[in-house]
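Okay, here's what each chain looks like letter by letter:
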Amino acid sequence: MAGDMRSITLTINGRQLSRDVETRLTLADFLRDHLDLTGVHLGCEHGVCGCCTVLLDGRSVRSCLMFAVQADGHEIETVEGLSTDIDKLHPIQEAFSEEHALQCGFCTPAMILRTKELITNDGELSREEIREQLSGILCRCTGYQNIVNAVVSAREKMHDPQVAGR
Amino acid sequence: MATSIEEKPDFKWIGKSIRRVEDPRYLVGRGGYIGDIKLPGMLYTAVLRSPFAHARIGSIDTGEALEVPGVVAVFTGQDCKEKMNPCANFGPPTITQYPLAVDKVRYCGEAVVAVVAESRYAAEDGVEAVEVDFEPLDPVVDPIAAIGPGAPVLHEEHGNNLAYERIFEFGEVDDAFREADVVVEDKLHWGRSSGMPLDTCGAVARPALNGSLEVYCNSLNFNFFIWLVAAALKLPSNKFTVIPVPAGGSFGSKFFAHKVPTLAGFLALQTGRPVAYIEDRLDHITNSDHHGSDRYYDVRMGLKSDGTITALDVDVVDDYGAYLQFGVGTHGNSLSQAVGPYRLKNLRYRLRAALTNKCQQGAYRGFGSEVQNWVLERMVDKAARQLGMGPEEIRRHNFIQPDEFPYKIPTGNIYDSGNYPAVLQRAIEMLDLDKWRTEQERARKEGRHIGIGVVTTQERSVFSSTEFWFWFDKPAFPLTSSPESVTLTIDPTGEFQVQMHSQAMWGNSPETVAAMLVAEEFGVDPYKVNVSYADSAHSLPGTGPGGSRFTVMIAGAVRGASKRLRAKLFKIAAHELEASEDDLEIVEGVVRVKGVPDKSRSLAELASTAYFFALNLPEGVESGLEESCTYDHPYTTLPSDDRKDLGVFYPFMGHACHIAVIEIDAETGTHKFLDYVAVHDAGTVVNPKTLAGHVTGGAAQGIGSAMYEELVYDEDGQFKCSTFMDYLIPTAMEVPEFKLGHVETPSPYTEFGIKGGGEGGRMVAPAAISAAIDDALSDYGVRITQLPIKPSEILRQIETGTQS
Chain A
477 MAGDMRSITL
487 TINGRQLSRD
497 VETRLTLADF
507 LRDHLDLTGV
517 HLGCEHGVCG
527 CCTVLLDGRS
537 VRSCLMFAVQ
547 ADGHEIETVE
557 GLSTDIDKLH
567 PIQEAFSEEH
577 ALQCGFCTPA
587 MILRTKELIT
597 NDGELSREEI
607 REQLSGILCR
617 CTGYQNIVNA
627 VVSAREKMHD
637 PQVAGR
Chain B
6 MATSIEEKPD
16 FKWIGKSIRR
26 VEDPRYLVGR
36 GGYIGDIKLP
46 GMLYTAVLRS
56 PFAHARIGSI
66 DTGEALEVPG
76 VVAVFTGQDC
86 KEKMNPCANF
96 GPPTITQYPL
106 AVDKVRYCGE
116 AVVAVVAESR
126 YAAEDGVEAV
136 EVDFEPLDPV
146 VDPIAAIGPG
156 APVLHEEHGN
166 NLAYERIFEF
176 GEVDDAFREA
186 DVVVEDKLHW
196 GRSSGMPLDT
206 CGAVARPALN
216 GSLEVYCNSL
226 NFNFFIWLVA
236 AALKLPSNKF
246 TVIPVPAGGS
256 FGSKFFAHKV
266 PTLAGFLALQ
276 TGRPVAYIED
286 RLDHITNSDH
296 HGSDRYYDVR
306 MGLKSDGTIT
316 ALDVDVVDDY
326 GAYLQFGVGT
336 HGNSLSQAVG
346 PYRLKNLRYR
356 LRAALTNKCQ
366 QGAYRGFGSE
376 VQNWVLERMV
386 DKAARQLGMG
396 PEEIRRHNFI
406 QPDEFPYKIP
416 TGNIYDSGNY
426 PAVLQRAIEM
436 LDLDKWRTEQ
446 ERARKEGRHI
456 GIGVVTTQER
466 SVFSSTEFWF
476 WFDKPAFPLT
486 SSPESVTLTI
496 DPTGEFQVQM
506 HSQAMWGNSP
516 ETVAAMLVAE
526 EFGVDPYKVN
536 VSYADSAHSL
546 PGTGPGGSRF
556 TVMIAGAVRG
566 ASKRLRAKLF
576 KIAAHELEAS
586 EDDLEIVEGV
596 VRVKGVPDKS
606 RSLAELASTA
616 YFFALNLPEG
626 VESGLEESCT
636 YDHPYTTLPS
646 DDRKDLGVFY
656 PFMGHACHIA
666 VIEIDAETGT
676 HKFLDYVAVH
686 DAGTVVNPKT
696 LAGHVTGGAA
706 QGIGSAMYEE
716 LVYDEDGQFK
726 CSTFMDYLIP
736 TAMEVPEFKL
746 GHVETPSPYT
756 EFGIKGGGEG
766 GRMVAPAAIS
776 AAIDDALSDY
786 GVRITQLPIK
796 PSEILRQIET
806 GTQS
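Heads up: the sequence lines are chains A and B, in that order.
Reading the first sequence from the start, the letters are residues 477 to 642 in the numbering used here.
Reading the second sequence from the start, the letters are residues 6 to 809 in the numbering used here.
Some hints here could point you the wrong way.
[As the list claims (entries may be wrong)] Here are some chain A residues the structure puts well away from chain B; computed CB gaps all over 12 angstroms:
{"id": "1", "residue": "T487"}
{"id": "2", "residue": "L493"}
{"id": "3", "residue": "D496"}
{"id": "4", "residue": "R508"}
{"id": "5", "residue": "G526"}
{"id": "6", "residue": "S536"}
{"id": "7", "residue": "E632"}
{"id": "8", "residue": "H635"}
[Claimed, not checked] List of simulated lysine-lysine pairs, DSBU-like, C-alpha gap at most 35 angstroms:
{"id": "9", "chain 1": "B", "residue 1": "K413", "chain 2": "B", "residue 2": "K694"}
{"id": "10", "chain 1": "B", "residue 1": "K21", "chain 2": "A", "residue 2": "K564"}
{"id": "11", "chain 1": "B", "residue 1": "K677", "chain 2": "B", "residue 2": "K744"}
{"id": "12", "chain 1": "A", "residue 1": "K564", "chain 2": "B", "residue 2": "K533"}
{"id": "13", "chain 1": "A", "residue 1": "K564", "chain 2": "B", "residue 2": "K17"}
{"id": "14", "chain 1": "B", "residue 1": "K533", "chain 2": "A", "residue 2": "K633"}
{"id": "15", "chain 1": "B", "residue 1": "K677", "chain 2": "B", "residue 2": "K387"}
{"id": "16", "chain 1": "B", "residue 1": "K17", "chain 2": "A", "residue 2": "K633"}
{"id": "17", "chain 1": "B", "residue 1": "K43", "chain 2": "A", "residue 2": "K564"}
{"id": "18", "chain 1": "A", "residue 1": "K633", "chain 2": "B", "residue 2": "K694"}
{"id": "19", "chain 1": "B", "residue 1": "K744", "chain 2": "A", "residue 2": "K564"}
{"id": "20", "chain 1": "A", "residue 1": "K633", "chain 2": "B", "residue 2": "K677"}
{"id": "21", "chain 1": "B", "residue 1": "K649", "chain 2": "B", "residue 2": "K309"}
Keep in mind the hints are simulated off the structure, nothing from the lab.
Ideal Cβ positions, reconstructed from N, Cα and C, are used throughout, including at glycine.
The shape of chain A in the complex, shown without the other chains (with noise of 0.2 angstroms):
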């Protein structure tokens, strides 16, 4: 309903805070409007495109298809969450340049997301596994080949004990 309101807390790359929002505000517009996380971006509003895909407590979520109260209590991690300084990229987003796996940007965030879960929760998968894996964000740019390499070169940079933790 229109007007009514909550008060949340919850941690957004992590740092804890607490808002009053309108209980229909969705997370996503949460993220956006409230917050300036412009890395969270809105393709369809129907949960398919999965672009404004964002990590709740490490798991992938569409935040389009939540409502801000829903994440009340969680831990959310937003592109901006790896790395927001140009001149020290997020090894997950260094490899998406190298690999030129991204054209216009949109899907974007939302692959460098997918892809941080798949390395830490998902091991060695194959590239016909990883296709698979990331089938539920669309990128209407790449063709997917580059995104595929970039998830594998991305997955090399984690394990080489020089660039992981971060």
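Given chain A, work out where chain B should sit, using these hints.
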């Protein structure tokens, strides 16, 4: 992945796969898309759309909506009609359009009412509260019936639903058919898909000082036509400024897509406040300026018994939908490469443009030439089968040969250069065609159905504007300009700025290209070059991306500006070094006397002189280091008055060979890619990695158009796929791994020999896939004649083939 792209040894940067300079901001979530722009006091827009294909608009009750908390204002088509002019329109003047429908709706999803509110949530609440009385009219859905007798008329002022008709004839077509040994015929249908970028069209308009209007917008190229949008809003051209905003993809769908910024501008002028109108997915999918081609063909091809193609007769009805915003330029594209890479001399092309109760049609990667490619390749394959020739054999037999360029095709367009046999050969080798043919035979014995589709198509680049009007004997505005501009600045500390003068990046790599070219010209680090985009109040003429033109045109403009800037640097340096300008060179950002490297000045030193020490400048040299260049299309000519020769309008002719290997499950009609090779020739390659990205991305969209994507209207004109659950964009699972190769035949007419390569993948893949499926199921006589190819259609044909 075997990428084999030859590096160009003559260049320091051109030909190198450097990381894109655009990337960092996108990697950290700071893309600066239209949805990221927030202005103080900004209002938001939601639009009520027609639930009917064809209806009169009766009364509209906005009273309740205005009571909704947060709603500021509500506007209808009547408001538009009273306070503005019709929208910009390159089609017939009898087909007018406003950003909100006036009196009548002509397709399901057409905009009817705009609600402006303090938040998007409130605006959507307002839309819910608006009441509109529609009086449904009979819908016009079938384009053939639409132009037949008795069909309801969409635009009363136009009189009927035939928006355009013409027959072009080149050569002696009837004679050629009479003398042909073999004539193959077919009916083909290319179904409606669309660029469908993940970021929609959007605009934020702000009433600015002294009655001017500023519009942030991601969908206005052709900056020298932006006055048309101002005219629609009844503003003087100099009181309307567009600030270009990058977009998350276009693929044609943002090509001068002016309805969105026009509506945002109208709402801002009416409310006196900044207003954002950003399409949501429903807005975009139902109401984009640019659904893609939707064409019904009757085609005949004549050949000699040895396989020589002698004639092509194309009769096409194109379902343009309810408006004809861009005229029939998409068929100008078809005519630019109508005969493909083949020595075909006689061509007839009949076009009828039908108006129906569907969303209008416009640009989608290929701009209509991709459809002609598919049709031509379908016919070549049919002829080859009839003549018992292999697909590569009939193509080799008909190829224009490398020593025949520049080659004038029957329509009058010139192909600048090419080596079609080499491209085909490279693709055959990369695939190992013999291996796959052996495997195909082996599988066939096991009852498996593997098919190999080999196609060779053109990939025209860099349009000239004549293709939009040579359709008319007395065109209203026979435009011949399609320029691109660059301003190059060395700032007071010696750092480079490049300013481009058209729409900001749409997912292509204009900043990387510009930075690499500046690096090539001055020997500086491309990552130190800063790139920006001029607003329309400060811009030189720019046409923007489209028709694979941007890299070629930006290269021309950068080179022109570089020459001017270098000349000025040399004047200043010659004066300081007491040397002749002719004896100077630039090496790695240092101007020095040839053979005397010690006698030199760094760019920073010269910049310091240029900006701060006017008394040290040679006579007649002004302070500062900035030069611009407006680069016009380097090779275009007028059509002849009788239109027997359409002139040169798309001469930088890329080429490609795709070979798809597909297995079909004859029980389910489903498919699996087993291999896919794509070899392209886009002339001199600037950045192999970004070009490869266009090939794979374009091919993925080609797969979409060929097998998944369809904008469906039912018999009542109801739109059946308004979400991504119904409009199926290929995911990573549907797109195969591509093996990419490249052959370079530089253009003799462009700077550095570059040809455009932005669209190629989509211009080839549908034909390769169609051919592979035919080949896989040749035992059943399957022939693909319509796109998208559905498993149900494959099963239907298998069943028919089994019975016969």
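These are the hints, each one checked on the structure:
no. : hint            : result
1   : T487            : holds, 18 angstroms
2   : L493            : holds, 18 angstroms
3   : D496            : holds, 15 angstroms
4   : R508            : violated, 8 angstroms
5   : G526            : violated, 9 angstroms
6   : S536            : holds, 15 angstroms
7   : E632            : holds, 16 angstroms
8   : H635            : holds, 21 angstroms
9   : B:K413 x B:K694 : holds, 32 angstroms
10  : B:K21 x A:K564  : holds, 24 angstroms
11  : B:K677 x B:K744 : holds, 16 angstroms
12  : A:K564 x B:K533 : holds, 17 angstroms
13  : A:K564 x B:K17  : holds, 27 angstroms
14  : B:K533 x A:K633 : holds, 26 angstroms
15  : B:K677 x B:K387 : holds, 23 angstroms
16  : B:K17 x A:K633  : holds, 29 angstroms
17  : B:K43 x A:K564  : holds, 27 angstroms
18  : A:K633 x B:K694 : holds, 21 angstroms
19  : B:K744 x A:K564 : holds, 33 angstroms
20  : A:K633 x B:K677 : holds, 32 angstroms
21  : B:K649 x B:K309 : holds, 25 angstroms
Taken one by one, the earlier hints fail for this structure at numbers 4 and 5, listed in ascending order.
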